[in-house]
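S.K.: Given these sequences and hints, build the entire structure.
Protein chains in written order, with this note's numbering: chain D, 12 to 199; chain H, 12 to 199.
Don't take each hint at face value.
Repeated chains share a single entry, so a pair holds when one copy, or any two copies, can fit it.
Derived DSS-like pairs (lysine-lysine); straight-line CA-CA distance at most 25 Å [what the hints assert, rightly or not]: (1) Lys41 - Lys155; (2) Lys53 - Lys155; (3) Lys147 - Lys53; (4) Lys41 - Lys173; (5) Lys35 - Lys178; (6) Lys155 - Lys35; (7) Lys44 - Lys136; (8) Lys178 - Lys155.
The set of hints was computed from the structure by calculation and includes no laboratory data.
Number of protein chains: 2
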Amino acid sequence: MIEKLRNIAVFASLSDGSLHELAKYVEYVKHQKGAIIIRADKVEPNFFILENGIARAYCNGENQEITFWFGQSGNVLFSFNSYINNRPGYENVELLENSSLMQIRLNDLFSLYEHNLEIANWGRKIAEQELIATEKRLIDRAFKGAAERYEEFIAQSPELIKRVALKHIASYLGVTQVTLSRIRAACK
Amino acid sequence: MIEKLRNIAVFASLSDGSLHELAKYVEYVKHQKGAIIIRADKVEPNFFILENGIARAYCNGENQEITFWFGQSGNVLFSFNSYINNRPGYENVELLENSSLMQIRLNDLFSLYEHNLEIANWGRKIAEQELIATEKRLIDRAFKGAAERYEEFIAQSPELIKRVALKHIASYLGVTQVTLSRIRAACK
DNA sequence: TTCATTTTTTAACATTTGTAAAATGTTGCC
DNA sequence: GGCAACATTTTACAAATGTTAAAAAATGAA
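M.R.: As structure tokens, this is what we get:
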């Protein structure tokens, strides 16, 4: 059990003692492709670690659905507003493949944060890494054209290109699917 | 001294004991309008809290300068990449008015994180709040037109509209200054 | 395989936003 | 006040991206 946790990069900074403490609260779950594991407008009481599979987070607009995040094996996955503010979130999370996940109840995790210094710092680093990645995306939108963003996406996430529908990638990159098609046609 | 810290909202969650610990390492500094207190490509060894004044963070592009963050009284202020990854950052931070700041050396702050549970969780919450705000901006760019983003900016940051040059606000909103002028002309 | 469904591409046209340059407005200093 | 430096708006035109619709290609289930 601890072995399984230790193999996931996100837990690398934790000692055996903390891994044991954490493991007490970890539950394994499997879901089918297409499952919506986090729903907008509901407080999601769990924090997930994606062991296998691919997930996307999206918001519902009027005529459109905006995908703004992809998760792969080893990524953590949670409703931002539930986790951070204990309020209903704005995002849905859909599994794009049959997936296996670990989950911890937020209440248990928060209680670990209040008692275990190492886990509190682990939680801090998770938020920090997500923060720096999100900010870089925001800055990239200003400096780089859609074509360049697409090329970087391919370079950085070759797995996702193979396994995720282009319509989702288009909205992740901030363009319509028509524009993404044009970009792909141009760089052939 | 502790009183001064207690009046700043970002410290509200800290007990007297932790405030005392933190206060040992806090130094007060003043800078003039126009001072660049964080420079891209340098590791910035301090973490700042802006007591008075306004700051902006920006990246240098080839022909342009992109402003992606504004700070006001009470906001924390740090080089993301220095703080998070101990690497040179990508952002400059300029003070747009004469300002007074508190600063703590990152080494001291990190050492507090490793010894004081309450401060570790305080650092976690700071990263989380920045994260949720940044992600909301990214999503807003997809769902809202430039005009709507401008109106929301006015509603949420009335102080900044009065005190910050429009060219900086335009780039913060993700449009050129010409486009912002057109938006302003249209909604008169 | 075959059919139905979904995804992706292509085309034509509309709209938004960008670029460059000039005009106007504002600020601060001598 | 008057000048210089900088900020903002306006104009004309160019480029990028969006919209709509239809065709082509890919996918999945019976």
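S.K.: Enumerate the violated hints, using their earlier numbering and listing them in ascending order.
M.R.: Failing hints, ascending: 1, 5, 6, 7.
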